[in-house]
Amino acid sequence: MAKNIYIGKILKNEEVQKDCFLMKIKIAVSFETPLPGQFVMIRIAGLNDPFLSRPISIYSFSRKNNFCLIELLYRVVGKGTQIMAGLIEGSQVEINGPLGNGFEIQSVKKNVVFIAGGIGIAPLSLLIENLCRRFPSSLMTLYFGAQRASAVIGLNKLQKMCRLVNICTDDGSLGEKNLVTRVFQKDIKKFLPEDTSIYACGPKEMLVALGKIFSKNEFDCQVSLEERMACGTGACMGCAVAIKDKKGALVYQRVCADGPVFYLRDIIWE
Amino acid sequence: MAKNIYIGKILKNEEVQKDCFLMKIKIAVSFETPLPGQFVMIRIAGLNDPFLSRPISIYSFSRKNNFCLIELLYRVVGKGTQIMAGLIEGSQVEINGPLGNGFEIQSVKKNVVFIAGGIGIAPLSLLIENLCRRFPSSLMTLYFGAQRASAVIGLNKLQKMCRLVNICTDDGSLGEKNLVTRVFQKDIKKFLPEDTSIYACGPKEMLVALGKIFSKNEFDCQVSLEERMACGTGACMGCAVAIKDKKGALVYQRVCADGPVFYLRDIIWE
Amino acid sequence: MKLKTAPRMAVNLGRLKLKNPVMTASGTFGYGEEYADYVDLNKLGAVVVKGLSLKQRLGNPPPRIMETTGGMLNSVGLQNIGVDAFIEDKLPFLRKYDAAVIANVYGETYDEFKKVTKILSAAKGVHALEVNISCPNVKSGGVIFGSDPKIAARVTKTVKEETSLPVIVKLTPNVTDIVAIARAVEKAGADAISLINTLTGMSVDLKTRKPHLKNITGGLSGPAIKPVALRMVWEVVQMVSIPVIGIGGIMTAQDALEFLIVGAQAVQIGTANFVNPHATMEIIEGIQSYLAANKIKDINEIIGTFQP
Amino acid sequence: MKLKTAPRMAVNLGRLKLKNPVMTASGTFGYGEEYADYVDLNKLGAVVVKGLSLKQRLGNPPPRIMETTGGMLNSVGLQNIGVDAFIEDKLPFLRKYDAAVIANVYGETYDEFKKVTKILSAAKGVHALEVNISCPNVKSGGVIFGSDPKIAARVTKTVKEETSLPVIVKLTPNVTDIVAIARAVEKAGADAISLINTLTGMSVDLKTRKPHLKNITGGLSGPAIKPVALRMVWEVVQMVSIPVIGIGGIMTAQDALEFLIVGAQAVQIGTANFVNPHATMEIIEGIQSYLAANKIKDINEIIGTFQP
Ligand SMILES: Cc1cc2nc3c(=O)[nH]c(=O)nc-3n(C[C@H](O)[C@H](O)[C@H](O)COP(=O)(O)OP(=O)(O)OC[C@H]3O[C@@H](n4cnc5c(N)ncnc54)[C@H](O)[C@@H]3O)c2cc1C
Ligand SMILES: Cc1cc2nc3c(=O)[nH]c(=O)nc-3n(C[C@H](O)[C@H](O)[C@H](O)COP(=O)(O)OP(=O)(O)OC[C@H]3O[C@@H](n4cnc5c(N)ncnc54)[C@H](O)[C@@H]3O)c2cc1C
Ligand SMILES: Cc1cc2nc3c(=O)[nH]c(=O)nc-3n(C[C@H](O)[C@H](O)[C@H](O)COP(=O)(O)O)c2cc1C
Ligand SMILES: Cc1cc2nc3c(=O)[nH]c(=O)nc-3n(C[C@H](O)[C@H](O)[C@H](O)COP(=O)(O)O)c2cc1C
Ligand code: FES
Ligand code: FES
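Chains as they are written, first to last, in numbering that gives the first Met the number 0: chain Y, 0 to 269; chain E, 0 to 269; chain G, 0 to 307; chain A, 0 to 307.
Careful: at least some of the hints might be erroneous.
[Claimed, not checked] Residues of chain Y placed beyond 12 Å of chain A at every Cβ, according to the derived structure:
id	residue
1	Glu13
2	Phe20
3	Thr32
4	Arg42
5	Ala44
6	Asn64
7	Asn110
8	Ser149
9	Gly171
10	Gly174
11	Glu193
12	Arg227
13	Gly237
14	Arg253
[As the list claims (entries may be wrong)] The list that follows gives simulated cross-link-like pairs (lysine to aspartate or glutamate, DMTMM-like), each with its CA atoms no further than 20 Å apart:
id	chain 1	residue 1	chain 2	residue 2
15	E	Lys2	G	Glu281
16	E	Lys2	G	Glu111
17	G	Lys149	G	Glu111
18	G	Lys213	E	Glu93
19	Y	Lys203	A	Asp204
Derived by calculation from the structure, the hints in this document are not laboratory data.
Glycine included, each C-beta is placed from N, C-alpha and C at the ideal position.
Just need the whole structure built from these sequences, with the hints factored in.
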């Protein structure tokens, strides 16, 4: 009985870019320090509609003397995120977390490559911050693709942390007009599997494309997956993803409890 | 196609007495001037839980140059009113109204008696105000019973409008310690059926007791009833009340569309 | 990128042509006049009126309604003015409008169904009959008729024999096998099927330990039941060849479109009217916008385009 | 005005004694350990674990869940580790706690039911079996077994013959006559009845015109279905003499009390755990407070005190 449902108080809830909000939440000091890649289940206290909590990655975290601050970066895509976007300062939210397994960062190599698509930057931001602190000598390279310039969030901060930031957009409004997977593929020769750690998060199409790129080589790529969730704690079996088990057979694992971070090579796409 | 659903903006939502709130709402100028006894169906725009709108009497109304103001006086008794009480200034509510038939005031007599129980004062307040204006020469007497002093709302204003205000409370904390129906019964000899109009609103027990009092004489008493409502417009047949028809047979009428004001003698209590 | 002309919205329910697929559900729109101040009745595909019996019915004692999570319970018990009073007092009003009028027919016995059908068929301005064998709030007839394929078929036949109007049979969801009932009424001659009526439910007042509804149980309607309704519509459209009208928890154009995509030829809007008297108008406009946005010229192009 | 001692909360489900009437519903509480960080398992009346089959089951392909108004659809399809792995890997953990362990048993065939029952009955620390003849998300067995009184009775008998543990039979609400099924399993020897499992429903993604669930249909749970569950419990308690466990949309102590008042001997909390992992604890405390506030010394004094 260590885990609690926290009541968070919204300190800020800003539209940082069109349809993209940054929510700053004050929460009790007992909130566990999250690992990069972990997430929270968030809901509006007392509301039955929307009914289920929504999973959102932890974008940033800091521990103060007698409280903690967490930031969530989220895109408005439907009812739940719409209602989140409408919450004003001082409103309360229910937070369950941190949940899931973060990225594996025990054995980070000399080169670290991040590949982000759109709002996929959210969990990667916390990871980049964390790795910068823990492995200051690693060479960090970020590939960040988005639909348009306005969907490139937190660039300043990211540029300070990474040696190299490659931006591309679907419409060419910032950086190269290209898909992030293509931009990375052009560069892949610069990296060697044995001294490169790769982390990716983004839409399914991006991850599928990455899967193809890495199917022909030895790179280890960790990706953070998304799936609709009910419990977030591993109980409902709702957030299944098809994974190859040790013998190569298909099993369904839970994004919330077995992930959300998986090795890309283990994932079986439909 | 005259009626609209109005979006009202909350200008004030104050706890005027324990568990009793006064909500002041700004609404479009096209809102019809309500008759005393009419009500609105109110809901929080976009919320599916609570699901149905709640019927609340119009407590006061004023028409400004390019908007109208309505006030609702309501007691927190359950989920819907709880949520109403939590709404802050600037919030929006959906308002359907004015609905129902108001009190019959064509033939107001020399003496006018109002009998209010608790929050039943809400529709009577607008009625008193209206009759004072229209029939300044009538003698207005109010019998107002409540659980305790703090549930006696708007006394100042009421005392200004009525010649005589008789207050009683269940716990004796204000006025006589007695039931309002008993206090009125002691005075009944002061009034003659042919020159007295009587209007009452309050909890069911009060109305049943009044029914007994008036069963033995010729007084005409109009009462405003409450029943759970879904549509508020007469379509669902949900808000039925048992009424004697002309032949004395039981029929179910709709509180929303046939009422909420009925002649007490027509009501069949279970 | 806009279509040059507005999308065509007309649908056919067999012989019955509707200018759009949006109608009101019986019992939730009175006799039309209750909402005439809010809604332009001319814009509706059809108005389905409150269930009509031979004689007026008192209905059940109150309380008759209770809110539930995402829905409501009702035990109105088919209070209505009777078929004759309907024709005399209510139909003239409805005839003034350009919306099909569908009379919801209820009987406690085969004979009552027969008589009500006969009377309505002789009236001017009734465009179709909807046979209610699914009301959960009456002691005789109602849901009992709708739970057994044989009885459902016999009611259907009884009504068909008395009328040349299109006959829609409205089914109850409180059954093990909705397809069996649907096929039985199809075989018995039904021109279309409406589903669903309400699910039977109840709730308890903790203070008094009494049911919230005097009738104890009532019919559950509203968005809470939408998933069940949609599933039943889908099950039935696969197994019958007559048109199906989707009903149950439709609050928005999106909800209505789900039913159409799954294969309903039209939809009925019930409880939504209570919560939002403009619901039908917003749903019609919403469907039109959806079609326009997706460059679909005719609503029939999306009906039954479900990709299971 | 307070009671001197806390209200007594123990209830009997036939031979099975529970320290309070609040248990978790199968499939919504994993194998207990998933919620051990949130809940003091010692405080629960019982833990009902995820449905167990003879061999591990993969479950259905994703997406498996979708939100609905006041509820959710799931098509997990009984993904589970199999009965042997359960006994080896999960049961030792549960044995450490002072909550009855109820194993939810699932089989595609009578033979599978028999074998799973046998294995579980030999295991230490299983206090009762709950026979799942009501899962809507599997092709064989499941709801098919639960829709026919004869088959339901035969499954019950099969299980009873293999075990001396109390046997609870869990029924599906997707039937015309829940009482007929309940009476059939009672006659076949069931020690108690659980109801309800989920209602079958579906929903459609307008963008793709595909079902939100890969399996197309799924089970509807959550507060949306509470009125239906309560009605079925009430129908059944009047017609059987074995204890009934109420399940369906219970979110709060108030909800649980409605079921108890209507006559359920105990309740199970399902979907509420997802939304509020503390739900079971809050419900136990809430029932206690209600009893204390109403000066009721023993929970058995309110069970079945409905005043219809
Ligand atoms: C572990 C995890 C971490 C996440 N972190 C973030 C984050 O940091 N920022 C962010 O903006 N979003 C994040 N998401 C996605 C976010 O949970 C969904 O966008 C959100 O739940 C949608 O809710 P809604 O009610 O607004 O949309 P809905 O109305 O429910 O759906 C709108 C659309 O979004 C899709 N969708 C719904 N739920 C999910 C989901 N859980 N995963 C993926 N797609 C979904 C639907 O299929 C639909 O197409 C994360 C998801 C997971 C599983
Ligand atoms: C025409 C009309 C005018 C009204 N005017 C006012 C008013 O001016 N001020 C005011 O405070 N209240 C008024 N009411 C009562 C008000 O509608 C209810 O108190 C409110 O709907 C309760 O909602 P809830 O969600 O808070 O309570 P719930 O949780 O729904 O119920 C709490 C308790 O209130 C009872 N209740 C619920 N709805 C009604 C209802 N419609 N009528 C009577 N009892 C109900 C329930 O049976 C229960 O005991 C009026 C009712 C009607 C029909
Ligand atoms: C208050 C009320 C009264 C109803 N009366 C009838 C009726 O008379 N005849 C009928 O066939 N259906 C009746 N119904 C059922 C509705 O027509 C509809 O089938 C059901 O409510 C489901 O749709 P909804 O969720 O959109 O309301 C009634 C429903 C409600 C809520
Ligand atoms: C995700 C999920 C999985 C379920 N798995 C099972 C199961 O394995 N066996 C079973 O008997 N019931 C299962 N159920 C049904 C629940 O135990 C319960 O009967 C149903 O959800 C209704 O209760 P609720 O509304 O409180 O959730 C499952 C329900 C859900 C939501
Ligand atoms: S969301 Fe329930 S198991 Fe992952
Ligand atoms: S509330 Fe619908 S008829 Fe009165």
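### Task
Quick one: work out the minimum CB distance from Gly174(Y) to chain A and report holds if it exceeds 12 Å, violated otherwise.
holds, 29 Å
### Task
Decide if the proposed pair is consistent with the structure: Lys2(E) and Glu281(G), CA atoms, cutoff 20 Å inclusive.
holds, 15 Å
#### Entry: Ser149(Y) non-interfacial with respect to chain A [C-beta, more than 12 Å]
holds, 23 Å
### Non-interface label on Gly237(Y), tested against every C-beta of chain A at 12 Å
Non-interface label fails for Gly237(Y): nearest chain A Cβ at 4 Å, not farther than 12 Å.
### Task
Would you assess whether Arg253(Y), listed as outside the interface, keeps its beta-carbon beyond 12 Å of every beta-carbon in chain A?
Since the minimum Cβ distance to chain A is about 9 Å, Arg253(Y) lies within 12 Å and the statement is violated.
#### Entry: Outside-interface status for Ala44(Y) - nearest CB in chain A farther than 12 Å
About 10 Å separates Ala44(Y) from the closest Cβ of chain A, which leaves it inside 12 Å; violated.
#### Entry: Cβ separation check - Arg227(Y) to all of chain A, threshold 12 Å
violated, 5 Å
### Claimed clearance of chain A by Asn64(Y), with the beta carbon kept past 12 Å
The claim holds: Asn64(Y) sits with its nearest Cβ about 26 Å from chain A, beyond 12 Å.
#### Entry: Assertion that Asn110(Y) lies farther than 12 Å from chain A (Cβ)
holds, 33 Å
### Task
Measure nothing beyond the straight line between the CA atoms of Lys203(Y) and Asp204(A); if it is 20 Å or shorter, mark the hint as holding.
holds, 17 Å
### Restraint check for Lys149(G) with Glu111(G), where alpha carbons must lie at most 20 Å apart
Satisfied, since the Cα-Cα distance of roughly 18 Å is no more than 20 Å.
### Separation of Gly171(Y) from chain A, once the least beta-carbon distance is taken, above 12 Å
holds, 26 Å
Violation of the numbered hints given earlier is confined to hints 4, 5, 12, 13, 14, 16, 18; the remaining hints are satisfied by the structure.
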